[in-house]
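Same order as they appear, the protein sequences are chains A and B.
Numbering follows my numbering, with no gaps: position 114 of the first sequence is 114.
Numbering follows my numbering, with no gaps: position 70 of the second sequence is 70.
Calculated directly from the structure, the hints in this document are not laboratory data.
Just so it is clear, CB atoms sit at the ideal spot from N, CA and C, and this is done for glycine as well.
One thing to keep in mind: the hints can contain errors.
What the hints assert, rightly or not - Covered stretches of chain A, as calculated for chain B (at least 3 residues, CB under 8 angstroms):
id	segment
1	13-25
2	153-162
To be verified - One side only, chain A facing chain B, incomplete, derived with CB under 7 angstroms:
id	residue
3	F8
4	N29
5	P32
6	V58
7	T61
8	S165
Protein chains: 2
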Amino acid sequence: MQFGIAVFPSKEVQDFANDWRIRHDPKYNAIPPHLTIRDKGDLSNERLKEAVAHLDAVASTLSPFTIRFNRVSTFFPVSNVLYLALEDPLPVQQLQQAICSGPLAIPAPNFVYTPHVTIGQQMDPDELHDLYGNLRMSDVSLESVIDRVHLLHATENGFWTAYQSFQFRG
Amino acid sequence: MQFGIAVFPSKEVQDFANDWRIRHDPKYNAIPPHLTIRDKGDLSNERLKEAVAHLDAVASTLSPFTIRFNRVSTFFPVSNVLYLALEDPLPVQQLQQAICSGPLAIPAPNFVYTPHVTIGQQMDPDELHDLYGNLRMSDVSLESVIDRVHLLHATENGFWTAYQSFQFRG
């Protein structure tokens, strides 16, 4: 079964993101606004047990922290994505490193992990530049307390269902 | 903020339900296939803490159990809903009673709790009867282990996001 790990930001951030996603994100229906911590991957029942034990152990060492989104940014030209960017990505990068270790280590990652909340993807380049041109000037100031991660699994339609939450207890 | 409590059945059950929901359930996008344990209600931050403590305490006393869906049924004429029905609803009814108590008690419930997974709702009566006529004869045999409940919260668009899972540890 396909599993993934994500953080869901506050309702305020989700509502802001959804206002754009409904028009600009084809995955609007598949999952609520989120920060991906680990991309989807297949887990057997045995590896799922290992992953759950690992997530539980990591969460027991982590403490809640606050993140702040301060702007809209883009991965263009690598991908036609608009996203909410963090003032300081470091705490989420550290969270990702702690989680994606041991049984959840990513073999030979070929990207720099950039925590973000997608607000548009698979966008037409003209549409992306129009919107980015407007939004990059806008005043974004959204906060969210991060105190848990969620392990999710996918159904055949590509939608995501909650499997288990792991609260930070450190 | 609006919260609700649900059980998500196995991927097999969700895939079966989604094959019908995509055409017959306007809430297909809002939440994965589920058994509602407690309908949505508003929780202040203080009442949320009480609810989480209550759910944690109840979950610590419950043991995992298996449910079996053995037919498609309908709430017509009360509501134009088609659903997957349980061979034996009692264990889920007991779960619902345990959870909807104390700070999550439902004041003056005006319905008999009937655990189900919706596969169609707000259906045109003719469409409902056509589909029910076909499906009531079909051979349904789907199982799911129930070993946790999920507390979810709603965003402004009416979609549901995972907040916390509570595993049965009894």
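(message) Run through the hints listed earlier and report the numbers of any the structure violates, in increasing order.
(response) Violated hints (numbers, rising): 6 and 7; every other hint is consistent with the structure.
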